[in-house]
Structure formats: C-alpha cells, structure tokens
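Protein sequences, first through last, are from chains A and B. Sequential numbering from 1 applies to the first sequence in full-length UniProt numbering. Sequential numbering from 1 applies to the second sequence in full-length UniProt numbering.
Just so you know, these hints were derived from the structure itself, not from any lab. Check each hint, because a few of them may be wrong.
Calculated pairs, DSS-like style, for lysine-lysine (alpha carbon to alpha carbon, straight line, at most 27 angstroms) [said to hold, decoys possible]:
| # | chain 1 | residue 1 | chain 2 | residue 2 |
| --- | --- | --- | --- | --- |
| 1 | B | Lys307 | A | Lys358 |
| 2 | B | Lys307 | A | Lys159 |
| 3 | A | Lys155 | B | Lys411 |
According to the in silico footprint, chain A covers these stretches of chain B (three or more CB under 8 angstroms from chain A) [as the list claims (entries may be wrong)]:
| # | stretch |
| --- | --- |
| 4 | 6 to 14 |
| 5 | 565 to 574 |
Short derived list, chain A residues pointing at chain B, Cβ under 7 angstroms [as the list claims (entries may be wrong)]:
| # | residue |
| --- | --- |
| 6 | Leu38 |
| 7 | Ala39 |
| 8 | Ala40 |
| 9 | Trp204 |
| 10 | Trp207 |
| 11 | Thr224 |
| 12 | Gly434 |
| 13 | Phe443 |
Positions of the beta carbon are idealized from the N, C-alpha and C atoms, including for glycine.
These are the residues of each chain, in order.
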Amino acid sequence: MELLILIFLPLVGALITAAIAKQNASKTIALAFSILTLAATISVLCKFTPDASMQFVVNYPWIQQLGINFHAGIDGISIITIILTNILVPLIVLSTFKHVYKNANAFYALILFMQSGLLLVFTALDGFLFYIGWEAALIPIYFICAMWGGKDRIKINMKFFVYTIAGSLFMLLGIIYLYLQNPANNFDINAFYALNLDSHQQGWVFWAFFIAFAIKMPIFPFHTWQPDTYTAAPAPGTMLLSGIMLKMGIYGVIRWLLPVVPQGVQDWAYLAMILSIIGIIYASVIAFTQKDAKRLVAYSSIAHVGLIAAGIFASYSLGSGGIQGLQGVMVQMLSHGINVVGLFFVLDIISSRLHTNKIEELGGLAKVAPQLAITFLIIVLGTVALPGTNGFIGEFLLLFSVYNYNAWMGAIAGLTIILGAVYMFRMYQKVMLGTTNDLTITFTDIKGTEKIVLYTICVLIIVMGVYPKAVLQLSEASVQHLLEQVNQKLTGLN
Amino acid sequence: MINSLLWLIPLLPLLGFVINGLGRNTLSKSLIGIIGSGVILASFTLSIAMFFELGAGSEKQFTVDLFDWISAGNLHIPLSFLYDPLSSIMLLIITGVGFLIHIYSIGYMHEDAGFGKFFSYLNLFIFFMLILVLGSNYIVMFIGWEGVGLCSYLLIGFWYTNGNYASAAKKAFVMNRIGDLGFLLGVFLIFMTFGSVEFAKVFPQAAGMMPGTATITFITLLLFVGACGKSAQLPLFTWLPDAMAGPTPVSALIHAATMVTAGIYMIARSSILFDLAPHTQDVIAIIGTATALIAAIIALTQTDIKKVLAYSTVSQLGYMFLGLGVGAYTGSFFHVITHAFFKALLFLGAGSVIHAMHHEQDMRHMGGLKSKLKITFATMMIGTIAIAGLPPFSGFFSKDEILAHAFENHKVLWAIGLFTAFLTAFYMFRMMYLTFFGKYRGTHHAESHIHESPKTMTFPLIVLAILAAIGGLINIPHVFGGNAWLGHWLAGAGIAQHELSLDHTTEFALMGVSVLAALSATVYAYTKYVKNAHVPVADEGKRSILAKISYNKFYLDEIYDMIIRKPLDAFSGFFYRIIDKKLIDGLVNGLGWTANEGSKGLRLLQSGNVGFYIFMMVFGIVALLLYTYLSIA
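Only chain A is shown next, with the shape it has when bound in the complex (with noise of 0.2 angstroms):
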C-alpha cells in the first residue's frame, strides 16, 4: 500500500496542478505534493529493512490475457534511486520559483507526471510495467523541453524524440521476445531471471536493452542528443533529465539486463567497457573547450556518467568481488543527481539574471555574489570527487572495481579526476573569479528559494561525503544479492 501511495502521489498531484490554471497556486500544489511525495519516502524508508529481500510488495492481476501484472516492490537498489527521485524534485520544484512559466499548471503537472514515471520504473517487477513507466517519464520530458526549451527547441526535440523513441523500441522488442520465451506467459521479472536462454539469444536481449539503456544514460557514442537537448531545455528539465532521467538507463542495466542475460552482458562486457572508458575521456577533452557553461556541464556529465558504467560492467565482470564497484554506482547515481543539479540551477541563476551561460562575457561574479560563490564551489568540489564530498566516495570505489577489472583501463578511467578538475576549475574561474564587467556588475547574491536549495544540496554533498555508510548500508545486502544471482546463473549455464 505504502508503494503504492508513493507512486500514485505525485499523479495526483499532477491532475490537481493540471486543473487549477494559477500561476502561483500551481506551482504551491506542486511542490507541496512533492513534498508529501518526500515524506512518504522517508516513512518507507524507516520501514525499510537493509536486507536482500523485496519490500512493500504489490502484485496485482491488471491484463491477464497477456499475463501482465502491476508487480512491484522496493529492495536496496530501487531505495537508492526513490530517494533520490524524491529529493530532487521538491528541489527542482522550489529551483523554478522565481520563474514565471507560461500555463505553468500544464508545466507543473507534467514535472509530477514524470516523477510518477519515474517511480514506476524504479519499482517495477513486471516487464510491461517497466517499460510503461519508461515511456511516462519520457514523454513529459519531451513536452517540458519542446514548449518551454530555448532557441531551436523543435528541431534538438526532433533528435531527442529520434533517439529515445529507437532505444525504447528495441528494449520494447526485448522485452516482448524475453515474455514470448518465457513458458509462464507472463513478464513477471523472476520469470525473466529463471529463464535459460543460450548465448545467441542473450548476445541479441543485451544489445536491445543496452542501446535503449545506453542511449538514456548516455553512454558514448550514443549521446549526440544529450549536450543539445541539455543546452536547450528549461533548467528544471535539463534538471530533471540529468539528475534523475539518466538513472533510468543505470538502474535499467543493473535490475533488467545483467540477471536477465548474464551469458549476453559477459560476451559484451568488455566493448561496453570500452566504450564507457572512451566516453569519459573524450567528452573530458571536449568539455575543455566549450563556450556554453551549460553544454560544458552536460558534456562532464557524459564523463561522470561513462564511469559509473564501466563500474557497472567492471564489478558484474568481477563476480562477488565486484561489490565496491555496485556500491559505488549506487552512491555515486545519488552523489551525481544532487550536484548535476546544483550546477545546473546555478547556471539556471546566473542566466536568469543575466540571461546569458557563455563564460566568456562572465567572470568576477564572486565579488558580487559571495554566498553563491562559496555554494558552488562546494558543488565544483563534490564534482570533482574531493575527498570528503559525495562525489569522492562512488568515484573512489567505481575506480576501484575498474582498477580492479583492469589496470590500465583504471589508469585511463582515472585520468577522469585529472581531466574533470581542469574543465570545472576553468569554468568556476571563467564564471565567479577575476574582475567585473560591465554586465556582472549587476549580478545580485542568492536569497530566499535559491539558497534553500543550495544550501540544501551543499549540506548533502558534505554530509554524504562524511558519512556514506548511511547510503551504502541501504544497498549492500541487495548488490551482493545480485551479484550472487548473476554468478549462480553463469555457473548454471557453464
């Protein structure tokens, strides 16, 4: 029941927002809703049990010709992603404060209809259910960005559209030859883990879910909408797509391809390793040189993001040993989620004020505005994975289990520390330090909602950096528990 309050919450919400056409009012219900959301979260976490089992479980008959069920529940790996679901958009609600969004109603409500979406991927056990809640977070998305975007939004929206709409079609096509392989008739998820399908088969399942997942997350070179579609969006829907859309794509490996096709992602592993570790490097360099603070913020996220996958594939590849590498995708999904967006909604607050992001006509805004100076540079320094902020401790343990998969590979992932200091530190003097000009000189500081929300994400950066172990213990019982899963199935097949 509890589950089921905290998936249909923010729908409600959703209609509610949608019917009352007030700017004002609308955008009260939404982020009142979404703190409700927040606190059904935090009674179902003090219900949650820090084991390997699936919690608050709900499994209902819904079209039984076809054998699909609304089956789902709550385990150590989908608490991660709840929480951070549910911490960022309250945040991201509260970030749009001082906008003024035309039929804001419809611009609130669609935010509240993707965090239903989003909770419906995160708990999903059914197949069908899965990939229903895949597609209702994608769609508000795309309206956010299409009538609210900046300049050349339909034409970006095009290849955005393009793009997710072929990766959720092969993971559709996937999904349908798993239930069609699937004796049971159904698409129940331990269903689709008992399943005994040879190598062939596995090496086709993997590659219709990974391109799906890699598109979302992006991995390279499947990314060429993320940079656009990032730059071009309203700040709460680059927010919403960076913080939390991504995770859809990690958590879609972790929960739907490697115990479902272990054979598939062992024959793959490596190329995909591969291709995480060019990705990290090659969207590095490219962010060195970008104009656009806030194309050169997405392009880190390509980087950050083409770590935690090769963890993903580093630790799956190193069996039961692999732990450190799980753990640290799941802090670093969390870590990633809470500093992308508060990089982007300080972004979001130096274009609005000034309604510009290119570094070159910035700089000196730390004169200024010393509190946002100091705010975002803890955000730069938990991007950067300083010892001490959240970002250190997933990066810490993800180049752990690559070092530990491969060695160089380890050194050349780990060239991402380097290469991300040199792109973040530029971009934060280019912006806040050195002198004045004519247009900074007008910058205001932060108040009211905005330091809220940065405050709120710096006093999670630290405080996740400190004391982790409040994260990692949510999730340990149940990676272990996967990774046994996925070893019993190799050594079943072998």
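Knowing the structure of chain A, use the given hints to seat chain B on it.
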C-alpha cells in the same frame, strides 16, 4: 591522554574554520585573530603534552578509531588516526610553525578586507594537514592530501580578482591532481597486494617480501608520482613558483614549511616499501637531484624576492628526495624540520620586507634596507646562513647528513648536490645583498614610508630565527659526539635507519668541502653585488643565453603549453566539431530524416495543444486502471 584527546588536535582548527567562516563579516578583526590563532595554540599545547607522554611511555604506536568511513565488501576504510614518533613531530611542526604564522598574519593581513576569510582558510588548511599526518591508512591520508590541495587553491587565489592569481591557483590544483592520480593508483595496487590500506597491516606484510619485486616497484613509483605533484618535483614543479601569488604567510606555511613536505612525509612513512624497491629509489634520487639543480639554476637570476625563495624551496625539496633516494630517511626528515624553520623564517622575512615596501617584490627596487629593517635583516641573515649550510646553524647538519649518504651511494649525485649547495649559498646571499646592502634603489616617496613591521610580525621572526639557528641540535651526528636523537626517535615509528659506514676522516672531509663551497659562493656574491654593486638588468635587457634560460625557467611553462595544453585543446575542437557534430550527428540525422518522412501520416494527430496531450495521457491511464478494476471485479 593520547587515546582520549588525540581527535581534539585536528578538531580545534576545524572549529576555528567554522567559527571564523561563519563570522567572517560580523566578528571583529581582533576576535577573528584570537580565535584563529588560539585554536592552533591549543592544538600545539596538546601536541607538546602528547609528545612528552609518548617519549615517557614504552608504547610508541597509538591507533585511535573514530568511525567506519567507507565500507564495501572486503574493503574497509575506517576514519582512524595513528600517533607515533613520526606523526608526533609532524604535529609539532604543523601546529608550532602554524601558530607563529597565524600570529604573523594578524599583522600582515590587517588591512585586508578578506581578513576573516583568510583566517578561516588558514585554519582549514591546518585541519587537513593534521589529517594528512594523522591518518592511519592511505585513504585517510588522502583526505588530508587533497584537502591541503584545496586550501592551497583557495589561498593562492585569495586575491582572485587578479586573473593571473586565479590561474595560478587552478594550475596548482590541476598539477597536484596529476600526482594524486598516481597516489590513488598506488593505493589501489597496495590494496590488491596486501588486502588492506592500513599502515599497520601493510608494512608488517611488506617486511617479509623480497626486495626488487615488480609489484613493490610499481607501488612505490606510483606513490612517488603523487609525491612529485605535492612536493613540486620534476616534471610537476612549475606550479609552486606560480603559487607565490598567494599572500606571503601562505607561502611560508603551505608552500615552504608544511604542505610541500607532505610527499617526503609520505615516503618516509612508507620507508619499508621504498627500501624494498631499489629501482624506485634510484629514480627518486635522480629526480630529486635534477630538481635541486634545475631549481637552483633558475633561482640564480630571479628578481622577485618571493620567486627566489620559491625556487629555493623546490631545490631544497629536491635535496630531501635525494636523501630519500639514497635511504637517508632520517636525514630527509631532519631536513624537513630544519627547512620548515629557516624557510618559513625567510618567507616571513620577505613578507616583512614586502610589507615595508608597500607590496614591492622586485629586488631591483630595493637595496640598503638593513638599517631600516633591523630585526627583519638580522633574522633573515640567520635563515640565509642556515640554508646555505654554514655551521653551526641547523641547515648545515641536515644537509650534511643527506650529502654524506649520497656520497656513500652515488658519487655523481653527491657531486651535483655539492654544486647545488654552492649555487644555493650564492643565490641566497645574492638575495640578501640586493635587498639589504648597497644603496636604496626605489622611489623617494616610498623610501620615507619604510618602517620595521609590527611586533606581531617580528615576534615570529625572532622565534623562528632561534629555531633555525639551534634546530640542528636534535640530530647531532656521532662524528661530533652527538647521539643522533632524531634517528632513534624515528626508529620507534618503524622508519628504516641506515647507518653511515664512512670513517670519521671522510665525514669531516665531506663537511669541509661543502662548507668551503658555501663560503666561496658567499664571497663571490659579496664581490659581485656589494663591492661591484651589480644590479640585475631590466626584464627586456640583454642577457647571455644561459642567463636567459635561467631567467625564463628553462621555458618549461612554454614547453608544457606546447606539448600538452595546445594539443588537448585541438583535440577538444576536433572531437566536438568533427566527430560529434559531423560524424555521429550526421548518421543520426540521416536516420531522423527517414523517420520523419515515414511518419508524415501520424502528424495529423499532433495538434500542438499540450492540454490535449495531457488529457490523452491521463485518459489512457484511467482507462487502464478502469480495465484493471473491472477485470478484478
């Protein structure tokens, strides 16, 4: 007391950081100064008390566990501290010299608008530095290691409105990060090999291993890469001279006395590993010697008083690495201590000169200051004699110990080290003569304002001058009838000790040669800069080729720019414009066009009305739910 109160030593500076950070705009300057220095004094007092407790007791290693920090599978990294003879001395240096520099800063930074911010950063630095030396494993050490890098970034860029200063800060952070990657990879390999990153678990296992195995060589090389970044060794030293952009107390504390010696501390801490890796030791000795020589050559022609000291620091750090490379762990650490005294003194003295000259740092505009800045001159002279290696001041003993070990192991490296000692004495006395002797060469207007610094600034100078003079006493070698106290003390921390096998005649001869070298350099500098009143030419003036190379720092910055930064930027543009935009996007757009053409029919459904879309979505969901309800019913 050690077990129960050790955590207070780093916590107090952290507290100072928080209070001064939050109250930087509201608290009065005097209160900020008192809090900032007070917490360090408290930590210093505790460090002294614990030092004596450690000396009195028989137990030499105390491990204090705070909490489980990172834990995943078989990887457990507790946040825990190790207090032993090695860290006990580091604590004394950091809090002791740190306290003096805090006091000095009260005077030096008094007019600065960022007074509160400055003290909060200084306190934060001390906190991270203490974590670095207290960590009981490599990862806790790494917290401090990167944390001091952050503070260095913040303090180099303290006057961030100057674009060059901000760039210098960034450069320092990035070059340190290059080293940090090496450190991190080394730590990974340590975990793979020993199944732990705790010193107490790694070293006993390593002690039983064969020397020269590939794994240990790789581990130590990677750790050494880390040390090269932090302790400014070739090829990563170019950030340190630029770091002089920071306020002078920062240069004294971070870029001379403490942070930059972290690499030496780390290697001394891991001496058991390095002793097993003769190849790595050779690399360290060669890099150290080369760095010492090159930095000394650069220092010969610099005209900015802080730049001379900066290159001198790089050069002295090179000495310490030479010492590590030839197994003189105690000698190197001894030099860390004496260097902390005399180099902090010299930087603070330079700060006092700069303060008096109203931010003039160019020695060509100084001269004849000795009558006006009596205390500054006298104390700096002591520091200069100490660094030049003239007996009986501290630098003589520590440098001699390193050179004697070098002589025993590698005669060539010893010869270069000796030559570098000659250069050191020359450029240091050159600096003193240009600054304090001869005629004043600045403007008349400035001359009338020259005055000795306030007591808050001269007091630390005097204390440090005393330490620079007598600091050598802690490790008087047997040849002088001393008991080499430091060596015995450090043996308690498991630092490898290698006794010299030279006879006393050779030892005395070696000392005689190096003292002679230093003295002749002093005389030569005196003739050139005092007697002949030579003044370095203006920037655009004519120089010989050698002087040009030295003055332009071997063009290292330009070379790095050409072989690293420019190609990376070119790749960046190529990846972005060609591969991303043309190649991958071209493919995707081709697909998109096809899809677009094929879907023209479906367009009729797209009215563009968002309300309609939402309505359809909600309708669809309601229909599905209704269906569910009906099928259950």
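Evaluation of the provided hints:
{"no.": "1", "hint": "Lys307/B to Lys358/A", "result": "violated, 36 angstroms"}
{"no.": "2", "hint": "Lys307/B to Lys159/A", "result": "violated, 54 angstroms"}
{"no.": "3", "hint": "Lys155/A to Lys411/B", "result": "violated, 71 angstroms"}
{"no.": "4", "hint": "6 to 14", "result": "violated (count 0)"}
{"no.": "5", "hint": "565 to 574", "result": "holds (count 5)"}
{"no.": "6", "hint": "Leu38", "result": "violated, 23 angstroms"}
{"no.": "7", "hint": "Ala39", "result": "violated, 24 angstroms"}
{"no.": "8", "hint": "Ala40", "result": "violated, 20 angstroms"}
{"no.": "9", "hint": "Trp204", "result": "violated, 20 angstroms"}
{"no.": "10", "hint": "Trp207", "result": "violated, 17 angstroms"}
{"no.": "11", "hint": "Thr224", "result": "holds, 5 angstroms"}
{"no.": "12", "hint": "Gly434", "result": "holds, 5 angstroms"}
{"no.": "13", "hint": "Phe443", "result": "violated, 14 angstroms"}
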